[in-house]
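Enquirer: Input sequences plus hints: build the corresponding full structure.
From first to last, the protein sequence lines are chains G and R.
Taken in order, the first sequence gives residues 1 to 734; the numbers are from full-length UniProt numbering.
Taken in order, the second sequence gives residues 1 to 734; the numbers are from full-length UniProt numbering.
Keep in mind that the hints are not guaranteed to be accurate.
As the list claims (entries may be wrong) - If you want the footprint, here are the derived chain G segments under chain R, 3+ residues with CB under 8 angstroms: (1) 35-45; (2) 53-61; (3) 174-184; (4) 713-727.
Stated by the list, open to error - Where chain R lies over chain G, by a calculated footprint (3+ residues, C-beta under 8 angstroms): (5) 72-86; (6) 346-355; (7) 631-644.
To be verified - No more than 27 angstroms apart at the CA atoms, straight line, and that leaves these computed lysine-lysine pairs for BS3-like: (8) G:K228 / R:K241; (9) G:K646 / R:K249; (10) G:K257 / R:K241; (11) R:K638 / G:K656; (12) R:K610 / G:K610; (13) R:K656 / G:K257; (14) R:K241 / G:K345; (15) G:K275 / R:K638.
Worth flagging that the hints you see were computed from the coordinates, not collected in a lab.
C-beta atoms are modelled at their ideal positions from N, C-alpha and C, and glycine is treated no differently.
There are 2 protein chains.
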Amino acid sequence: MATTSETNAGSNLQVDFVVQYSFGDVDQPKAIEQLQKLLQTLAGVGLQTEVRQGDEASLLIFVRASKNQLKRAVYRSRVRDWLYGIRHAEPEPADAIDPDNETEAERLRVIEHMITLPTHEGGAGITPQHGEWKNVMAVFPLHDQETNGQWMREWSQKTFLSEDDLDQIRNKFGESVGFYFSFLQAYFRFLIFPAVFGFGCWFLLGGYSIIYAIVNSLWCIIFVEYWKRQEVDLRCRWQTKGVSAVQTKRRQFKPEKEVRDESTGEVRGVFPATKRMQRQLLQIPFALLAATALGVIIATCFAIEIFIAELYNGPLKSYLVFIPTILVSALVPTMSAVLVSIATKLNDYENHETNDAYDVALTQKVFVINFMTSYLPVFLTAFVYVPFASRIVPYLDVFRLTVRPFVSKEHSNAKRSNFQIDPARLRNQVIYFTVTAQIVGLAMETVVPYIKQHAFRKYKAYNKKRNGKAEGNGEKDSPERPLHVVFDDPAEEVKFLTRVRNEVELPEYEVTDDLREMCIQFGYLALFSPVWPLVPCSFFANNWVELRSDFFKICNEFRRPTPLRSDTIGPWLDTLGFLSWTGSITSAALVYMFSGNAQQGPNGEPTDIKGWALLLSIFFSEHLYLAIQYVVQVSMIKLEPTNARKERAERYLMRKRYLESTLSAQNDDETPANAFEVPGLSRAALEEEARQSTLQETDPAERFWMRQQGWKESAQVGTGIIQAQTSGTTKKQQ
Amino acid sequence: MATTSETNAGSNLQVDFVVQYSFGDVDQPKAIEQLQKLLQTLAGVGLQTEVRQGDEASLLIFVRASKNQLKRAVYRSRVRDWLYGIRHAEPEPADAIDPDNETEAERLRVIEHMITLPTHEGGAGITPQHGEWKNVMAVFPLHDQETNGQWMREWSQKTFLSEDDLDQIRNKFGESVGFYFSFLQAYFRFLIFPAVFGFGCWFLLGGYSIIYAIVNSLWCIIFVEYWKRQEVDLRCRWQTKGVSAVQTKRRQFKPEKEVRDESTGEVRGVFPATKRMQRQLLQIPFALLAATALGVIIATCFAIEIFIAELYNGPLKSYLVFIPTILVSALVPTMSAVLVSIATKLNDYENHETNDAYDVALTQKVFVINFMTSYLPVFLTAFVYVPFASRIVPYLDVFRLTVRPFVSKEHSNAKRSNFQIDPARLRNQVIYFTVTAQIVGLAMETVVPYIKQHAFRKYKAYNKKRNGKAEGNGEKDSPERPLHVVFDDPAEEVKFLTRVRNEVELPEYEVTDDLREMCIQFGYLALFSPVWPLVPCSFFANNWVELRSDFFKICNEFRRPTPLRSDTIGPWLDTLGFLSWTGSITSAALVYMFSGNAQQGPNGEPTDIKGWALLLSIFFSEHLYLAIQYVVQVSMIKLEPTNARKERAERYLMRKRYLESTLSAQNDDETPANAFEVPGLSRAALEEEARQSTLQETDPAERFWMRQQGWKESAQVGTGIIQAQTSGTTKKQQ
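Expert: Laid out in structure tokens, this is it:
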């Protein structure tokens, strides 16, 4: 197992895709038969294969597309795009395509389609982990370690990624990941302004400044609308406009009935939209359930926390203060996991037809959970604790019953009357969520998995060694899978195959998780940043790291994602809009309630909050927000993005060329100017005669049109009338 | 001038268009030269012409397209549509087009394009009332009197127009008018439900019923969203999807600079969008000005009215009560006209590039004026008069100063303390606007112009006769235009030409005015119908007549409109949405303020209106509205309209055919299944040898891919590994 001959382990040896074939849980003859079928099918669509050993119960099938087959597949894919209106120009013929000139993303996408598309669409019809091919565990490309490393080094030395860098990401990982990084980059660059402005406001005006709140809301509107426009731009630059039209069906989709489409003659499974909508009504109880379950947990822990921190004064206080934190950390993720699994079941039940629709629906459901876990604690502090604490806190005596043994009665009574709302609590909470939690999150998603992964590999290697020694001792802890795999690799491939085996074990990357993280972050900015105007500064610093660490994560902690095309960041765009809108409400409320620090009551609560004034400021703020949003939207539409203009120009050119050719073709064969003119005098005389005769006979319309022949006669008649009329006038005037 | 020979005056004698050429205000030789040029130009694009006398100072040029030229123009127009993505299938060649099979709307539109399009786009470049062609006063088609009359008779006997009827309207008058009638029909049909439900509510619950308000809001949401979907459907049925892409430039557009487009090489006038936006900022002061000017007038008249009706008790009261009505009737239309002319100037100043953009911008500005004049009086009654009257009314003593001579002091004092808010005022006002004003409006727009028109014709005929007698008396009241026109018409054309001369004098039809009327009507329903639930009944009856009278109006009181294509009712769609949204606010406020009739104070005003409760109900109502609207929108999107599905099926078929042909072409020339297989044994042996040798030499990737040749070898290797592994396991298990 030692490395011997020297080959470049970073190179992928021209491997396009790796297919992991598992034979652990089927009979040997069946496994062999299925393997043969798999290889034959792959060869059938023009893919070259090499088989190597995977782990104990799987094979690695390396796949490479032959140049000719690839050319054709690329051509076919482009024709399809053209027919669906994604490409504007008819694609050049297959022979003119040089696969080496195409982007890696297109190459990989096309090959993945060759492997997975159904046979009637020209693919091999291999469906990993599903149906006939359930032994095919995974189909994925290999990381390009050299380029990845190089990019990491380059990016760590600059502040902003260039357009070119983003294009490179898209070329390597596909448009879906490209859109995420573009969004992150746009968001990061946009954060400069609120970071600087927020710092100024914090320095000069402190928290709850109305100026900061207005500017922040405006910034949110402009950013969201800017990003919508940017999506249009990227869509044109990356030629993915309308790409969602070419959607492949979800394999799990269960049609209710087979319907033969009358016009196309195609038989296809149909699930009525109305029935799906009825099922979707379950979302309402689900949202209520999620809100209640999480709300109860969070509110209870919150109440315990307040009780311990501000009322309880018994023994062990310094330890007890950790109880609510521990409870929240334990209960909220558990409940979230339960709710997410319910949401997934609900989503499955809704039986969506395409993967996109499925993802959008799931995102919406999960967003309810995210919203509760992320923002509810701050909402509770701002809109329940601060205004109502003095009324609610006495009821917290419920907890006192449980701790009665530890508290002396007098002590507690004394404390109660002294109860003071902690005015800094809200700010501290916002700081916790926007600084501490962000850093912890970064560590949890990047550093921890990396350490875990390495530890796991070490453990595996150690275990293997130990088992190698202990072999024959009759250990039965995993009877199906012997732990002593002797890899019979060619010496020069050892490094390469080790790397591939490691990549196989990595999980699949989901760009939606990263997008969610960013949207939730944006939410803190939109909803609560007036509390502490340094929030955007924190996010600005955080996102510089985030961009790099996410890239690092994709390269090292996940299998390389198959390039997916996309023309948007999807449902998250709506989420951004929703959060920004809600921000206009919370900002107004926060500023109204907390900006006049002087008018605090004896317990630290703001005394003169008037219901109608609060609601009126919310009403104005919200409608002002909506009006400005409308204006910004309308203005943005009128500023056409560069690439959209370019695309329009291209289409215009194509049209012009075509129109010119049809026009010239027509002008050649007739000179219409003379179409109604009489060619010669003699003939004119003849026709005049004929006309006079027909005037008597034919129908009125013919007679009408026969009176003047050619424009010259019309002109004569007209001249006559003009002369008659004007001379009449002149005569009269004289 | 008497009618002699009998021809059918209703028939149009195959005339496609009439061009009115005026020669009244130019020199005779110039007029003749220009006429010749006009006729030559028309002939140049293949149009046949006949000239007849118009009135004293104009000619009528009758235009007919030759069959061949029309074929070509239709083909060219369809090619353009195809290139812009409006048609899906490539149009059949020009020779295959039978112009008689096409709709009249297409025929007329194409001929109009032949006349008016610039020469480089294949038209004659005639621009009525503009530049070189300023003597061309009008270009319009003739009414098809026979069909119009027949339709009027048919429609007066049925309740609903069928889809076919709407298609007929579209075929005759173009999509723009077709969309209006479809909208009116959809709105009319949708009114059944609120009419029935409203009647029930009125009977059982009276006004201000929360149930009615909720149902009404829901109905508004559903109607607006239904109509959006219906637009998609109509757009597919009438093939006008994306028709706004083919827009002709406004002639009045003044480019700031000429820019040569780098990619297309086309030089075109450009006006920067940012500069236009700056100019559009003037809309804000304009809106404020309009609101203030109209607001002051309406509020003042309102105050005077209250003063006279409820405070004043002096002499002449029965006459004085009419003063405010007279003032409103005089001042509001005057001010509106002034404001509209300002809006038009502003709009001109904004320098829009296309006619569509111009119309949209103007509609938005005029809507502010309409909103004020239509709804402000009711707003004032509901939200100022009723809640605040007892506080405001004393200030109305200002008016008392002016009438002091007539009122005895004691009398007025006694009256003041007795002041009672008239609780029925709001209801009466709503009834006035939704019943009386509708009927008056109908009469004003249909009956009055009809009578005026006939009276004017009679007057003209009378005048002509009188002048004929008085000729030579040296009357100089209109020296430029002699009133004694002797029409030298061929006897059989007299009737026809008389009709044409009448049509020339009619104004141009603007579909946007009719749409505005309907939207304003919808506004009363959305905003105020909870006051008096019979509103939808009134509108239902009104709109049955409206649909017929509008058609009558188009046929008899306007020139036949040139068919315009359109894929929407335009900016009015947004207006509907806006009104429906505002309705959710006003309904909540009205129901909260007035539903508890029992709790009225001594002066008749509701006593316990609490600011926070009012605002809270508005807040909930509005957000509930928006949430439901979102759900309805999402659901509607999922229900695909019939014609959209058909269209999709057609495109699918086209794609499938094309893809199949490319696929089969490829399969012919290669059988990829054997691409990597070794054809014969002997050759295999040879290659094996070659492979072994290359394994030593070439680069690692080549060596990697050389190890297994063809899928069969891969299968063998894989089988070997599986056997080794599984037998190992089996051994161990034993």
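Enquirer: Please go over all the hints and tell whether each is borne out by the structure.
Expert: Now for the hints, and whether the structure bears them out:
1. 35-45: n = 8 at 8 angstroms, threshold three: holds.
2. 53-61: Per the Cβ count (5), the hint holds.
3. 174-184: The restraint on the region 174-184 of chain G is violated, since only 0 of its residues have a Cβ under 8 angstroms from chain R and three are required.
4. 713-727: holds (count 11)
5. 72-86: With 8 residues in contact (Cβ-Cβ under 8 angstroms with chain R), the coverage given for the region 72-86 of chain G holds.
6. 346-355: violated (count 0)
7. 631-644: n = 4 at 8 angstroms, threshold three: holds.
8. G:K228 / R:K241: Answer holds: K228 of chain G to K241 of chain R is near 23 angstroms, not above 27 angstroms.
9. G:K646 / R:K249: 20 angstroms, holds
10. G:K257 / R:K241: Violated - the C-alpha atoms of K241 of chain R and K257 of chain G are around 31 angstroms apart, more than 27 angstroms.
11. R:K638 / G:K656: Answer violated: K638 of chain R to K656 of chain G is near 37 angstroms, above 27 angstroms.
12. R:K610 / G:K610: Roughly 12 angstroms separates the two Cα atoms, so the pair holds.
13. R:K656 / G:K257: 23 angstroms, holds
14. R:K241 / G:K345: 39 angstroms, violated
15. G:K275 / R:K638: Given pair K275 of chain G, K638 of chain R holds - Cα atoms ~11 angstroms apart, limit 27 angstroms.
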